[in-house]
Amino acid sequence: MYDGWKIILGLVVFVIIVTLPFTMSIGRDYVKPQPSIDTPEIQKMEKKQCIESKQYMRETHIKLLYSWKDYASREGKRVYIASDGKEYTISLQNTCMKCHSNKEKFCDECHNYVSVKPYCWDCHIEPKVGGLK
Amino acid sequence: MITRRDFLKISAFASLIGLGGSLSIEALEKKQGPQVLKDLKALKGKRWAMAIDTRKFKTQEDFDKVIKACHKAHNVPEIINPLHEVKWIWTEDYEHSFPGTAEHYISKEVKERKFLLLCNHCDNAPCTRVCPVKATFKREDGITMQDMHRCIGCKFCMAGCPYGARNYNFLPPRDYIKELNPEYPTRMLGVVEKCTFCNERIDRGLLPYCVEASEGKIIFGDLYDPNSEIRKVLAENIIIRRKVELGTQPMVFYII
Chain A
0 MYDGWKIILG LVVFVIIVTL PFTMSIGRDY VKPQPSIDTP EIQKMEKKQC
50 IESKQYMRET HIKLLYSWKD YASREGKRVY IASDGKEYTI SLQNTCMKCH
100 SNKEKFCDEC HNYVSVKPYC WDCHIEPKVG GLK
Chain B
0 MITRRDFLKI SAFASLIGLG GSLSIEALEK KQGPQVLKDL KALKGKRWAM
50 AIDTRKFKTQ EDFDKVIKAC HKAHNVPEII NPLHEVKWIW TEDYEHSFPG
100 TAEHYISKEV KERKFLLLCN HCDNAPCTRV CPVKATFKRE DGITMQDMHR
150 CIGCKFCMAG CPYGARNYNF LPPRDYIKEL NPEYPTRMLG VVEKCTFCNE
200 RIDRGLLPYC VEASEGKIIF GDLYDPNSEI RKVLAENIII RRKVELGTQP
250 MVFYII
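Residue numbers (numbering that gives the first Met the number 0), protein chains in the order written: chain A, 0 to 132; chain B, 0 to 255.
No lab work stands behind these hints, which were simulated from the structure alone. Keep in mind that a hint or two might mislead.
[To be verified] SDA-like mimics (lysine to any residue), calculated; alpha carbons at most 20 Å apart, straight line:
| # | chain 1 | residue 1 | chain 2 | residue 2 |
| --- | --- | --- | --- | --- |
| 1 | A | K127 | B | I176 |
| 2 | B | K242 | B | V129 |
| 3 | A | K68 | B | K133 |
| 4 | A | K102 | B | E182 |
| 5 | B | K57 | B | N236 |
| 6 | B | K37 | A | K127 |
| 7 | A | K97 | B | E182 |
| 8 | A | K76 | B | Q34 |
| 9 | A | K97 | B | P181 |
| 10 | A | K43 | A | P126 |
| 11 | B | K107 | B | D52 |
| 12 | A | K62 | B | H148 |
| 13 | B | K110 | B | G99 |
| 14 | A | K68 | B | I105 |
| 15 | A | K85 | B | K40 |
| 16 | B | K177 | A | C122 |
| 17 | A | K104 | A | V115 |
[Stated by the list, open to error] Ranges of calculated distance between the beta carbons of each label pair, as one might list FRET restraints:
| # | chain 1 | residue 1 | chain 2 | residue 2 | range |
| --- | --- | --- | --- | --- | --- |
| 18 | A | Y112 | B | Q34 | 32 to 38 Å |
| 19 | B | Q34 | A | K31 | 55 to 61 Å |
| 20 | B | S10 | A | V17 | 56 to 62 Å |
| 21 | A | I25 | B | P131 | 20 to 26 Å |
All C-beta atoms in this analysis are idealised placements derived from N, C-alpha and C, irrespective of residue type, glycine included.
Construct the entire structure; sequences and hints are all you get.
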């Protein structure tokens with residue numbers, strides 16, 4: 000093998016760089032995001048249930064919000080009838096955030112963890128704490 | 000042995016049954032899952048229009064009440080610099096409200112009146128035609144709506160609008176709102192905004208803020224309904240509209 004040491008050195012450097020994300024996290028604590036639903040409005044509820052099931056909301060809340068945006072602002076449809084037949088007003092500020100009034104501990108908890116930055120709050124006003132920019 | 004003719008007949012009938020079958024299955028299938036509907040209380044109209052009785056607006060206070068009601072509820076920023084100002088509803092004098100059609104020899108009283116201006120929600124709205132991303136569009140009930148989520152801030156609509164009803168957010172709007180209304184969003188830097196005929200209120204069965212605050216000086220209704228109050232008012236009074244010669248068909252009428 001010509002220049003064997005160069006090839007091996009190159010391979011070693013390659014392997015180190017590729018495994019960096021794993022080796023760098025050794026010894027660090029894994030902090031699982033814990034979105035809190037501890038708000039006065041949710042505490043008042045007998046059955047702590049969002050408009051749809053927890054799993055559905057977890058997976059598709061952004062798709063739901065996107066469809067809500069189009070229904071409300073484009074078609075003027077502002078009533079959402081959930082799978083269980085309950086009626087809700089289509090509004091981020093006046094429906095979602097009335098219950099989830101703890102944006103920092105609910106929305107941001109996971110969004111920061113996965114490093115996504117939804118631009119909802121450029122326009123929509125977040126509840127009370129930090130409502131004013 | 001099947002003939003060619005019989006084969007075609009059989010296959011034609013078979014496909015018919017197939018089509019019918021799919022239709023009947025769809026009809027029998029119950030709708031499941033979440034649904035999205037219009038509010039039952041929503042005001043119903045085919046073409047919303049507004050008549051402003053300029054005879055009844057006498058003092059500056061009359062105007063301020065209407066303007067403040069709208070701007071406060073919709074979180075419209077108060078910017079003094081006219082280059083950056085944002086307004087949904089504002090006042091202007093006779094000559095500038097009706098350029099081209101302003102009669103020079105009309106009574107002095109009319110000439111000195113102030114006029115309440117807002118988006119005309121034109122039937123043939125030029126702003127919706129020039130918008131490259133369809134952020135502004137006509138709703139079925141005639142409202143010229145603006146989808147703030149989609150606006151890219153290109154300002155084509157501002158060039159297209161002959162009434163100056165559109166304003167660009169040159170400055171971060173939240174810095175210029177004294178008191179936020181938590182029920183309504185603000186806008187962000189770099190989008191165009193304007194009056195939306197309070198479609199969010201119409202969808203809930205309420206009249207626009209300006210109509211409510213004017214206490215009878217502004218009449219709102221369905222132009223296509225011959226028995227509506229607005230049609231009665233338009234038929235009984237002398238009315239003018241802004242820049243009709245442009246063919247935009249403005250939906251805001253001024254009673255002189």
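Hints, verified against the model:
Restraint check for A/K127 and B/I176: the C-alpha separation of about 16 Å stays at or below 20 Å, so the hint holds. A threshold of 20 Å between alpha carbons decides the hint, and for B/K242 with B/V129 the separation of about 19 Å falls inside it, so the pair holds. At most 20 Å may separate the alpha-carbon atoms for a hinted pair to count; A/K68 and B/K133 meet this at roughly 15 Å. A threshold of 20 Å between alpha carbons decides the hint, and for A/K102 with B/E182 the separation of about 16 Å falls inside it, so the pair holds.
With a C-alpha separation of about 18 Å, the suggested pairing of B/K57 with B/N236 holds against the 20 Å cut-off. A threshold of 20 Å between alpha carbons decides the hint, and for B/K37 with A/K127 the separation of about 30 Å lies outside it, so the pair is violated. Distance check on the hinted pair: A/K97 and B/E182 sit about 10 Å apart at the alpha-carbon level, within 20 Å; holds. A hinted pair counts as satisfied when its Cα atoms are at most 20 Å apart, and A/K76 with B/Q34 qualifies at roughly 10 Å.
Between the alpha carbons of A/K97 and B/P181 the distance comes to roughly 11 Å, so the proposed pair stays at or under 20 Å and holds. Among the hinted pairs, A/K43 with A/P126 is consistent with the structure: their alpha-carbon atoms are about 18 Å apart, no more than 20 Å. For the given pair, B/K107 sits about 17 Å from B/D52 by alpha-carbon distance, which is consistent with the 20 Å threshold. The suggested pairing of A/K62 with B/H148 holds, with an alpha-carbon distance near 15 Å, which does not exceed 20 Å.
Taking the CA atoms of B/K110 and B/G99, the gap is about 14 Å. The hint holds against a cut of 20 Å. For the suggested pair A/K68 and B/I105, the alpha carbons sit about 48 Å apart, so the restraint of at most 20 Å is broken. As the CA atoms of A/K85 and B/K40 are separated by approximately 17 Å, the hinted pair is consistent with the 20 Å bound. Between B/K177 and A/C122 the alpha-carbon distance is near 16 Å, which keeps this suggested pair within the 20 Å criterion.
Between the alpha carbons of A/K104 and A/V115 the distance comes to roughly 15 Å, so the proposed pair stays at or under 20 Å and holds. Taking 32 to 38 Å as the suggested C-beta distance range, the pair A/Y112 and B/Q34 conforms, at roughly 33 Å. Range check, B/Q34 to A/K31: about 35 Å between beta-carbon atoms, so the 55 to 61 Å window is missed. The hint said 56 to 62 Å for the Cβ distance between B/S10 and A/V17, and at roughly 60 Å that hint holds.
Range check, A/I25 to B/P131: about 51 Å between beta-carbon atoms, so the 20 to 26 Å window is missed.
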